[in-house]
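There are 2 protein chains.
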Amino acid sequence: MALQKKKSYRVAIMGATGVVGQEMVAVLEEREFPVEELFLFASERSAGSTLSFNGKDLVVQKLTEEVFNGIDIVLGATSSDLSKKFSAHAVKAGAVVIDNSSAFRMEPAVPLVVPEVNGHTLKNHRGIIANPNCSTAQLVMALKPLHDAARIKRVVVTTYQSVSGTGKEAMDELMEQTRALLTFQEVKCTVYPQQIAFNCIVNWDADPDTGYTEEETKIINETKKIMGDEAIRVTATTTRVPVFRSHCESVNIETEKKLLPNEARALLSEFPGVIVMDDPGRKLYPTPLDVVGQDAVYVGRVREDRSVPNGLNLWVVGDNLRKGAALNAVQIAEALIR
Amino acid sequence: MALQKKKSYRVAIMGATGVVGQEMVAVLEEREFPVEELFLFASERSAGSTLSFNGKDLVVQKLTEEVFNGIDIVLGATSSDLSKKFSAHAVKAGAVVIDNSSAFRMEPAVPLVVPEVNGHTLKNHRGIIANPNCSTAQLVMALKPLHDAARIKRVVVTTYQSVSGTGKEAMDELMEQTRALLTFQEVKCTVYPQQIAFNCIVNWDADPDTGYTEEETKIINETKKIMGDEAIRVTATTTRVPVFRSHCESVNIETEKKLLPNEARALLSEFPGVIVMDDPGRKLYPTPLDVVGQDAVYVGRVREDRSVPNGLNLWVVGDNLRKGAALNAVQIAEALIR
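Just so you know, the sequences run in chain order A and B.
With the working numbering, letter number 275 in the first sequence gets 275, and the count goes up by one each step, no holes.
Quick note, the working numbering runs 338 ahead of the 1-based positions in the second sequence.
Hints listed in this document are in silico derivations from the structure and should not be mistaken for laboratory results.
Do not take every clue at face value.
Stated by the list, open to error - Here are the simulated DMTMM-like cross-link-like pairs (lysine to aspartate or glutamate), alpha carbons at most 20 Å apart as the crow flies: (1) A:K283 x B:D543; (2) B:K596 x A:D209; (3) A:K153 x A:E263; (4) B:K562 x A:E304; (5) A:K188 x B:D628; (6) B:K526 x B:D545.
Only a predicted model underlies this, so the values are computations on that prediction, with no experimental measurement involved.
With the hints as constraints, model all of the structure from the sequences given.
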């Protein structure tokens, strides 16, 4: 199913007022996506508010099943439940949906796409294309060039995830808790069950049988699907840290063929969308703060892991709202209209 | 070299005014260590200040080479350089030094001790006993019972370390930077080269050849020495997070014999000094905030890692100033006088 080629497109954002939705508006503008008209949809609560796009204030409209007539591309930034409810209507109305929720990611017929990694799978879409989980998107960007060169056998990934991955309310909660602690007020936990300020916490949706959180399961499954290789073995531990934006990942990999750190750095540097920032002697490696608002995935701390014959440690940092969400979705749209 | 058994001991703390030194004073008091007299030594800058011990204010004295006459036990909480300078004088004066710095840890003749793990090595000391790096201490507490039951072949550890591991100045810096950000003031970086507030940073002492930081190298080497098994393969990635106190570790292990999560939890629960807090359905797992001031090392999120035949993931959290430093040092002293 191909998108009809046009000079410009009628684009809609479902969930436009959330942190990812707002970032999508910004990325469409920044990248000069050929937008004929932009439609912003959100819940009734947010309807009537405005967002600026290309110098104009656009009014957010209530998302209903009937809004999709004449829309070419829908960027989905809602919850999984809302995406399940509305995406089929968008497709029926003739739009292509690029969905940032987890609703369709693991459906075999739905391409799960990071354009630099598996853009070729886009052509098989049937109206819905899934955008990966934020942690997975930055991970596969670092894995792909190494996998192509040396075949990755196993990945052990541990994350340091910022609160913007949970949403605006979580960012407010980190700010409010921090302010409360600094002024000797009571700390309130509303979004997260535990205090996130000056603490490290885990998502509370662990599977009672395996103990893995949904985020961990997503990383494990989505990595294999995007890399197109079910033989890659992956395990993950995900943790939320008191950082507003950008995720860090400590990544340990084992490859079939030996890769020395310098070879890995060279491969990563050549890969589109990856920047190597790795000069320990000059204190150069990426921190979450460094990459806020950046499109690239940054890789540093490339080290040989001598505990196995062909091991490497990597430190992968990306803006979870850019490559981890809005940027990747817009890149998919760009690939579709190319 | 055995410590002469007495009813009570003349104990000195070198570096008494730092965060670890002050915690040593508190731990000696709490555990009712048989102290005949406590001597507090620090740099000239801190001399003259007082610390409370058993209801009395003790005056901190300037540390010199001549202060050790008549002292039975010296607890060292100075930098490695100062320990190298003064420990030999303490030993010459007849004291046993339990040193928290890294000065002597890897010297073959110096026992590096976590009492629950390798207390038996204490008997071979020649006047100096080394206390491990904070991250290593809590790690080996979790590894030991699993190693005894199933032989650990490989460990991949990623840390989330609190700023108190760097010292009081770093705690002040996190507080000041946070306050500055919340009040729109300029952020100053004095202790760390990068902003630590709302960020994740790496120690700036990476080896230019391997890229490993000193902390990472310590974890790798000290783990093998304390576990008494050079065959255990270890790799480490250490990161500083904006948390005041307690370190978290994401630990991936591979064992020779299969251990199911329930078996691992049972083994860990039976091990002295370890508390298993692992009930995901009830949101139970340790966070740094939960374990501040706690003596035990907490283990949660015990999960089977299906990416290898015999893999486990663990989440290990400990108070870096207690088991990671002051408590372990006092426990060594307790073992010496037993």
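To see whether the hints hold, each was checked on the structure:
1. Taken as a hint, the K283 of chain A and D543 of chain B pair is honoured in the structure, with Cα atoms around 8 Å apart against an allowance of 20 Å.
2. Taking the CA atoms of K596 of chain B and D209 of chain A, the gap is near 18 Å; set against the 20 Å cutoff, the hint holds.
3. A threshold of 20 Å between alpha carbons decides the hint, and for K153 of chain A with E263 of chain A the separation of about 18 Å falls inside it, so the pair holds.
4. Restraint check: the Cα-Cα separation between K562 of chain B and E304 of chain A comes to about 19 Å, which is no more than 20 Å; the hinted pair holds.
5. With a CA separation close to 16 Å, the supplied pair K188 of chain A and D628 of chain B stays within the 20 Å bound.
6. Annotation: proposed proximity of K526 of chain B to D545 of chain B is violated, straight-line Cα distance about 26 Å (limit 20 Å).
The structure shown violates just one earlier hint, number 6.
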